[in-house]
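Quick note: the sequence shown uses our numbering, first residue 61, plus one each step.
Simulated from the structure, these hints should not be mistaken for laboratory data.
Glycine included, C-beta positions come from ideal geometry on N, C-alpha and C.
One thing to keep in mind: the hints can contain errors.
Unchecked claim - In silico SDA-like cross-links for lysine to any residue, where the CA-CA straight-line distance does not exceed 25 Å: (1) K497 with L578; (2) K457 with R404; (3) K251 with T240; (4) K585 with R252; (5) K402 with W133; (6) K497 with T509; (7) K402 with D81; (8) K397 with S96; (9) K203 with A321; (10) K397 with T86; (11) K265 with A443; (12) K265 with R254; (13) K329 with Y200; (14) K192 with N316; (15) K251 with A195; (16) K193 with A440.
Claimed, not checked - Okay, the calculated beta carbon distance ranges per label pair: (17) E301 with T437: 22 to 28 Å; (18) G342 with T103: 32 to 38 Å; (19) N429 with P586: 17 to 23 Å; (20) A554 with V182: 41 to 47 Å; (21) S181 with P586: 51 to 57 Å; (22) E268 with P317: 28 to 34 Å; (23) P579 with T231: 26 to 32 Å; (24) D229 with Q323: 41 to 47 Å; (25) S181 with E107: 26 to 32 Å; (26) A292 with A216: 21 to 27 Å; (27) G220 with A142: 40 to 46 Å; (28) K201 with D229: 55 to 61 Å; (29) K457 with G357: 20 to 26 Å; (30) L233 with A554: 20 to 26 Å.
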Amino acid sequence: MTVAAPLPVALAAPAAVEPVDLEMVTRIRAEAFHNSQVMDHLTHLTENIGPRLTNSPQMAAANAWSRGKFNEWGLSNVHDDAFPAFGRGWEFTHASVEMLGDRVLPLHALPKAWTPGTDGSVEGELVQVEIKKLADLDKYKGKLAGKVLLLGDARAYKRGTEADSHRHDATSLEGLQQFTIPATAAADRDKRLREYNERQELARKTNEFFVAEGALAAISLSSWDNGIIRVAGGGSRKAGESAGIPELTMITEHFNPLVRALQAGETVKLRIRVDARFTDEGDQPGYNTLAEIPGSGAKAGEIVMIGAHMDSWHTGTGAADNGAGVAVAMEAMRILKALGVKPRRTIRVALWSGEEQGLIGSQDYVARNFAHFPEPTDPAQLALPASLREPTGPLRKLRDYDRLSAYFNMDNGSGRFRGIYAQENLAVMPIFEAWLKPFNDVGATTVVTRNTGSTDHIAFDRVGLPGFQFIQDRLDYFSNVHHTHLDTWDHIEAEDLKQAAAVMASFAWHAAMREEKLPRKPEPKPAP
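Use the sequences and the hints to build the structure in full.
Structure representation (structure tokens):
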């Protein structure tokens, strides 16, 4: 009988090896490791300018200084990019709390941003107040005039179980390779949305109530122990909204004894002075700072971006969050310019503002230049910051949407780069692995599928653009410095920043030079 010939088997073509320009990497490493200026950038930003609350005078000084450096290095298109009606600027210069009695006892506390000062020293009896819902306000009517308010209850001290500072090892990096399938349901999203809006309404009503009742000041408990003041915003940055009364955050070890004294029936009297002021009468735009190295040839209109947020909270000097990222992004641009590179695509750096209030600067920039979803019609969604809204479709693409190759971000303290999150974009993983290989010897080895959030690459990722954040050693970022008064120069690791600047410069260069733009995930769809 006749035997049929076997059908031909289609063999998959071997995957192309991602090219790596080792000569350029060698030059980048030499400039980054032997001629580094990254700590000069960080020192000026933190020690000379200081904390950079969005729209504060210090933030304006940081915008001007970074523009000056970019011009000095010969970058192009150096400018501040305005985003509308962020709110009022604010700053403070003095804060003190003292317990009065047989002896004056100083207590450690610092003011929340966008809360008013005390107009000199004020003295008042301390009362404990706990408000968890709007109905709780009723029980304090007529009882708070001339009082200092202790908000909430004591918290038991929790002893640490691990070292303050942490570096990744093989085990922790391997753990990052595990991907958890999302299980969030629409009902959970609705619940989070409702709870967020309820918290916002409670904060507004409480601010107005305390002012109407004539309370002198309020004191909240720091969320961390061991003498660390972890403090962010209170009041309101928006003109026309109540800024409330002066409000401070106090260390746990001083807050708890005040609670115990009141619960024992003792009378406690405090003297408080906060020198704080709004620097604008009405809402003002915020400003990002941008600059670039122009591309050349047919791909000059395409864009690779790197960046970090330059704004910070107000009690430290914003060194780890996020002066480190700013210094690294600036240094990456300085390195490339010093090497006289002529990239095929334009390499653009963005130093964002308003990140701490919800990625406002980057979100607005992406919406104006690349893509955005339509404004929601649901009032509850509309009340949210743009970074928290559920997409409502269809996605509206702008001219530069198809021109962006990638955005690379740094915003997890000063720890060295150990790899990069692929944001579930499996197609970029072999590319990033190739780009990291020349930096394996300085600790950058790992590409993981998982997402990471809460910083400016999300503004790109949520509209389907390739936006990425690097994996970093966390050091003491989440144990001592994140949003605390300890976020200062002394918690920075200089060698780590040199390594990060070299990796970021190399990633920007290779993204700008490869034949194709980086692969993209499927375009995001509006939630059902």
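Status of each hint after checking the structure:
| no. | hint | verdict |
| --- | --- | --- |
| 1 | K497 with L578 | holds, 18 Å |
| 2 | K457 with R404 | holds, 24 Å |
| 3 | K251 with T240 | holds, 22 Å |
| 4 | K585 with R252 | holds, 20 Å |
| 5 | K402 with W133 | holds, 15 Å |
| 6 | K497 with T509 | holds, 17 Å |
| 7 | K402 with D81 | holds, 14 Å |
| 8 | K397 with S96 | holds, 13 Å |
| 9 | K203 with A321 | holds, 19 Å |
| 10 | K397 with T86 | holds, 15 Å |
| 11 | K265 with A443 | holds, 16 Å |
| 12 | K265 with R254 | holds, 16 Å |
| 13 | K329 with Y200 | holds, 19 Å |
| 14 | K192 with N316 | holds, 19 Å |
| 15 | K251 with A195 | holds, 20 Å |
| 16 | K193 with A440 | holds, 18 Å |
| 17 | E301 with T437: 22 to 28 Å | holds, 24 Å |
| 18 | G342 with T103: 32 to 38 Å | holds, 35 Å |
| 19 | N429 with P586: 17 to 23 Å | holds, 21 Å |
| 20 | A554 with V182: 41 to 47 Å | holds, 44 Å |
| 21 | S181 with P586: 51 to 57 Å | holds, 54 Å |
| 22 | E268 with P317: 28 to 34 Å | holds, 31 Å |
| 23 | P579 with T231: 26 to 32 Å | holds, 30 Å |
| 24 | D229 with Q323: 41 to 47 Å | holds, 45 Å |
| 25 | S181 with E107: 26 to 32 Å | holds, 30 Å |
| 26 | A292 with A216: 21 to 27 Å | holds, 23 Å |
| 27 | G220 with A142: 40 to 46 Å | holds, 44 Å |
| 28 | K201 with D229: 55 to 61 Å | holds, 57 Å |
| 29 | K457 with G357: 20 to 26 Å | holds, 25 Å |
| 30 | L233 with A554: 20 to 26 Å | holds, 23 Å |
When the structure is compared with the earlier hints, no violation turns up for any of them.
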